[in-house]
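Chains as they are written, first to last, in my numbering: chain A, 1 to 278; chain B, 1 to 267.
One should not assume that every hint holds.
In silico DMTMM-like links for lysine to aspartate or glutamate, alpha-carbon gap of 20 Å or less [to be verified]:
id, chain 1, residue 1, chain 2, residue 2
1, A, Lys32, A, Asp18
2, A, Lys207, A, Glu270
3, A, Lys51, B, Glu224
4, B, Lys142, B, Glu156
5, A, Lys51, A, Glu61
6, B, Lys177, A, Asp173
7, A, Lys178, A, Glu218
8, A, Lys83, A, Glu34
9, A, Lys178, A, Glu167
10, B, Lys245, B, Asp21
11, A, Lys51, B, Asp21
12, A, Lys51, A, Asp79
13, B, Lys177, A, Glu203
14, A, Lys51, A, Glu218
15, A, Lys83, B, Asp21
Which stretches of chain B does chain A cover? Using the computed rule of at least three CB atoms under 8 Å from a CB of chain A, they are [as the list claims (entries may be wrong)]:
id, segment
16, 161-167
17, 216-222
18, 225-237
None of these hints come from the bench; they were simulated from the model. Just so it is clear, the structure is predicted and the values come from calculations on it, not from any experiment. Yeah, the Cβ is synthetic: ideal placement off N, Cα and C, and Gly gets one too.
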Amino acid sequence: MSSAHFVLNNVSYRYDEDAKPALNKVSFSVNKGEFVAVLGHNGSGKSTLAKLLNGLFLPSEGHILVSGMDTRDEQYTWDIRQKAGMVFQNPDNQIVATVVRDDVAFGMENIGVPSPQMPPRIDEALGAVGMLPFVDRAPHLLSGGQKQRVAIAGILAMHPEALILDEATAMLDPSGRKEVFDTVQRLNQEQGITVIWITHFMEEAAKSERVMVIHQGEVRMDGTPREVFAQGETLRSFRLDVPPMALLSEELRGRGIDLPPDILTVEDMEREVLARCR
Amino acid sequence: MLRDITLGQYYPVDSFVHQLDPRTKILLTLGYIIAVFMASNLLAYVPIVLFLVLAIRVSRIPAKMMLRSIRPLRVLLIFTFVLNLFFGAGDEVVFRLGFIVIKYEGLMNALHFSLRLIFLVMGTSLMTLTTPPVVLTDGLEKLASPLRVIKFPAHEMAMMMTIALRFIPTLVEEADKIMKAQTARGADFTSGNIKQRTQAMIPLLVPLFISAFRRAGDLAMAMEARCYHGGEGRTRLHVLKYGVKDALAALVVLGLLAAVFLVGKLL
Numbered sequence: 001m002s003s004a005h006f007v008l009n010n011v012s013y014r015y016d017e018d019a020k021p022a023l024n025k026v027s028f029s030v031n032k033g034e035f036v037a038v039l040g041h042n043g044s045g046k047s048t049l050a051k052l053l054n055g056l057f058l059p060s061e062g063h064i065l066v067s068g069m070d071t072r073d074e075q076y077t078w079d080i081r082q083k084a085g086m087v088f089q090n091p092d093n094q095i096v097a098t099v100v101r102d103d104v105a106f107g108m109e110n111i112g113v114p115s116p117q118m119p120p121r122i123d124e125a126l127g128a129v130g131m132l133p134f135v136d137r138a139p140h141l142l143s144g145g146q147k148q149r150v151a152i153a154g155i156l157a158m159h160p161e162a163l164i165l166d167e168a169t170a171m172l173d174p175s176g177r178k179e180v181f182d183t184v185q186r187l188n189q190e191q192g193i194t195v196i197w198i199t200h201f202m203e204e205a206a207k208s209e210r211v212m213v214i215h216q217g218e219v220r221m222d223g224t225p226r227e228v229f230a231q232g233e234t235l236r237s238f239r240l241d242v243p244p245m246a247l248l249s250e251e252l253r254g255r256g257i258d259l260p261p262d263i264l265t266v267e268d269m270e271r272e273v274l275a276r277c278r
Numbered sequence: 001m002l003r004d005i006t007l008g009q010y011y012p013v014d015s016f017v018h019q020l021d022p023r024t025k026i027l028l029t030l031g032y033i034i035a036v037f038m039a040s041n042l043l044a045y046v047p048i049v050l051f052l053v054l055a056i057r058v059s060r061i062p063a064k065m066m067l068r069s070i071r072p073l074r075v076l077l078i079f080t081f082v083l084n085l086f087f088g089a090g091d092e093v094v095f096r097l098g099f100i101v102i103k104y105e106g107l108m109n110a111l112h113f114s115l116r117l118i119f120l121v122m123g124t125s126l127m128t129l130t131t132p133p134v135v136l137t138d139g140l141e142k143l144a145s146p147l148r149v150i151k152f153p154a155h156e157m158a159m160m161m162t163i164a165l166r167f168i169p170t171l172v173e174e175a176d177k178i179m180k181a182q183t184a185r186g187a188d189f190t191s192g193n194i195k196q197r198t199q200a201m202i203p204l205l206v207p208l209f210i211s212a213f214r215r216a217g218d219l220a221m222a223m224e225a226r227c228y229h230g231g232e233g234r235t236r237l238h239v240l241k242y243g244v245k246d247a248l249a250a251l252v253v254l255g256l257l258a259a260v261f262l263v264g265k266l267l
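Next comes chain B alone, as it looks inside the complex:
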C-alpha cells in the first residue's frame, strides 16, 4: 500500500524545457513568480496565460497533468474565492440576495487572488514536472555555491538531499515490511480514533528509526571507503552548461516580465 509513492512528479519525455539547464529553470521560475506577483489587474494575466500555454505546449506535458497539479489546492482556492467574494470592501453592489451581498471589488479580488494561486502552482509544477529531483538538486548546489563564502554548506546540503531521495524507496519498503510484521503480531493500524491510531504507529516508527540510523552509519562508512571527503576537489559526472536554449528561454521570461510590467503601467 505504501508502494505507489513516486519520486517527485517528474514526467519523463524529451522536450525543449526538459533539456534546459536546471539552474535556468530555477531562476526563470523565480522570474515567473515575480511576474505573477507584479500583475496588478486582471488584464495583466493575459501575458501570463499566453506564456503558460506556450511553456506547456513546448514542454510536451499533457494538459491533464498540469491541471492535476492544482487539484490539492482546491480547498484553499474555494476559501480564497468565497472569502474575497463576500467580504470584500467597496460600494458597487453587483448582486444582492437577502443578506448575501457581492460587491464589484470583492468579485475582482476573488478572481485576482484565485488566479494568482493557480498560476503560481502551475508555473512551479512545470519545473518539477520537467526536471528529475536529483538534477534539480545539482542545480541548487551550483546556484548556492557562491554562498560558500559566507560558510553556507551548498555541497553538503545537495548531498543530503540526494541521499534522502535515494533512501525514500528503501525506507518505504522497510516501513511496509515492518507494518506487515507488526500486523502479523496483532497490531492494528487501521481502526480506532486518531489517538489510538497514532499510538499504533509507535511500534512501526521505533524500528524504522533504529534501522534508519544503522543504515546511515553503514552508508557513511561505505562513502568513506569510496574516498568521499566532502565537496573539495570533487569532479562531477554531469557537468552543467548553459546553452543557446537557456538564453532563448531567458529572453522569453524577460519578455513576460516586461509585458506584465507594461500592462500594469498603462492601465
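Same shape as in the complex, but just chain A:
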C-alpha cells in the first residue's frame, strides 16, 4: 500500500458536453502529509480541480482516488467528503449557523457524531485554529480571517485527513491571509494533515513544499518552489508573477551579476549577496 492520498489518472472535466474541457487529461498524485500549492491564473481550472478532489464534481473522463476510494462510486461520497474537507473563498457564504459553536458542529451533525462527543471535539477544533475564545460569538461579527479559521475548525471537528483550500485567502486582507496560512501550515506539520492549497498568491506558494502550476486545464509545472520559481519566463507565459526576490535575482543576473536561480526569500537573497561581498 503506497502512501498516496490523492491519485488522479487522466482526469478531464467539462462543464458542458461539447465545451472545451476545464481540465484536460490531468494526472498526478499527492502523498499523505504533503503540502501542495496549486497555482494558476483565473480560469486556469484550479477551482474545478478543487471541487473534483472531494466529489463535488465528478470527472467526465478518468478516475480520482481519494485514500483509495473512487469519487465516482456513490457509496464513498460522504466518506470522501468527511476525509477531504474543503474551505471556500467567500467566508460569509460557508457559515451555516448563527453561533460559532453551532457552525463547528454542523459537519459533525451531518455525519452523525453522537451528541455527547460533540462538545469536546468543538473545543479541540477551535483550539487548533486559535478561535476557542470566540465559541459563543455570532460569526457575522468576526473578521474575514477569523471566519475562515472557524470554517477550518468546522472541518477539523469532522476529523479529516486532508484539507482542500480553494482560494481561501483571496478575499482577506494581508494579516488575515497570514493568519489563515500559518494556521493551515501548523495543522499540516503538527497533525500530518495533507493540504492542497489553491491560490494565486506567489508568497503563499513559495512557503509550501511542492508547487503545481495549472494553465488552460493542464498541469504545466510540478516541483519544489525553488525549481518552479527559477523559471520566471515560463511562469510569466502562464500569466503568473514571480515572487519579488526571485524577480530581483533574475534582473540582477540579466545585468551580469552571478546569482543562483533559486532565490525565493529575503533571507536567501541576503545570504547570497553577503557571500559575494566578501
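Assemble the complex: chain A is given as a structure, and chain B must be docked to it using the hints.
For chain B alone, kept in the frame of chain A given last:
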C-alpha cells in the same frame, strides 16, 4: 442606518422561563392563547393577569420590555376600543352627550376585546423574549417532526429558517453597502413621492437579489462539502430534553386553563 436590526427580540438573561425546553414554551403559549380566548367575561381575566404577572416576574424580563411589545399595537387597540365603545348593541345607556351614546354592552365589549389583544401579544412576546430564534426553530422542528408521516418537510423547514436567520445580518450589511454605492453615483433614496421612492429601490434590490442567489449557490456547495444530506441520520449538538421544570410550567398553565374555565362557568 440599517445596522440596528436585531435578530428577533431575545432578551438574554438566565431565568426559569429561559431554561424551559422550547417545545414546552411553544405548547404552553398555545395553551395560554386558548385560555385568553376562553375568557368570556372580564372577571375571567383575573387568573390571566395573575399568570402573566407571575410569568414575567419569573422570566426576569423588565416590565418595560413587556410594555414595549404592545406599542406597535396601539393604533389597532384604539380602533378596537373606540369602535366597540360607540357602535355596540344594547339598551343600557351609560353616557350621552349630543349624538355620542355609550352603552353598557359597548363599554364591556370595548374593554373585553382590547384586553384580549393586549394579553395575547404580551403572552406570545414572553416566548420570543425568552427564547433565541434558533432554539425556537429547533423546537418547531421537533414538534413538527411527527408530521413527516404525511410528507411535511419538518427538517427542511427548520433548516431554511435557521439559514434565513443566519443571513439576515449579512444581507442587511450588503444592502447598506449597495445603498452607499448607489448614493455615491447619484441615486436618491430619501426624497420624492411614494412612486419615485419605490422606483429608486430598484437599483438597490436588483444587485441584492443577484448576490443573494450567488450566496445561496455557494452555501449549498459548502454545505454539501460538509456532508449535508438532509435530516436523515443527522445528530444534533443541542439535544432537547424535557425536565422537571417543564412539568412544573405545564401544571401552572393547566391551572390557568382550569381557573379561566371555572370562572366562565360559575358566572
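Hints, one by one, checked against the model:
no.: 1; hint: Lys32(A) to Asp18(A); in the structure: violated, 36 Å
no.: 2; hint: Lys207(A) to Glu270(A); in the structure: holds, 18 Å
no.: 3; hint: Lys51(A) to Glu224(B); in the structure: holds, 11 Å
no.: 4; hint: Lys142(B) to Glu156(B); in the structure: holds, 12 Å
no.: 5; hint: Lys51(A) to Glu61(A); in the structure: holds, 15 Å
no.: 6; hint: Lys177(B) to Asp173(A); in the structure: holds, 18 Å
no.: 7; hint: Lys178(A) to Glu218(A); in the structure: violated, 29 Å
no.: 8; hint: Lys83(A) to Glu34(A); in the structure: holds, 15 Å
no.: 9; hint: Lys178(A) to Glu167(A); in the structure: holds, 13 Å
no.: 10; hint: Lys245(B) to Asp21(B); in the structure: holds, 9 Å
no.: 11; hint: Lys51(A) to Asp21(B); in the structure: violated, 41 Å
no.: 12; hint: Lys51(A) to Asp79(A); in the structure: holds, 15 Å
no.: 13; hint: Lys177(B) to Glu203(A); in the structure: violated, 31 Å
no.: 14; hint: Lys51(A) to Glu218(A); in the structure: holds, 16 Å
no.: 15; hint: Lys83(A) to Asp21(B); in the structure: violated, 35 Å
no.: 16; hint: 161-167; in the structure: holds (count 4)
no.: 17; hint: 216-222; in the structure: holds (count 4)
no.: 18; hint: 225-237; in the structure: holds (count 10)
The structure fails to meet hints 1, 7, 11, 13 and 15 from the earlier list, while all remaining hints are met.
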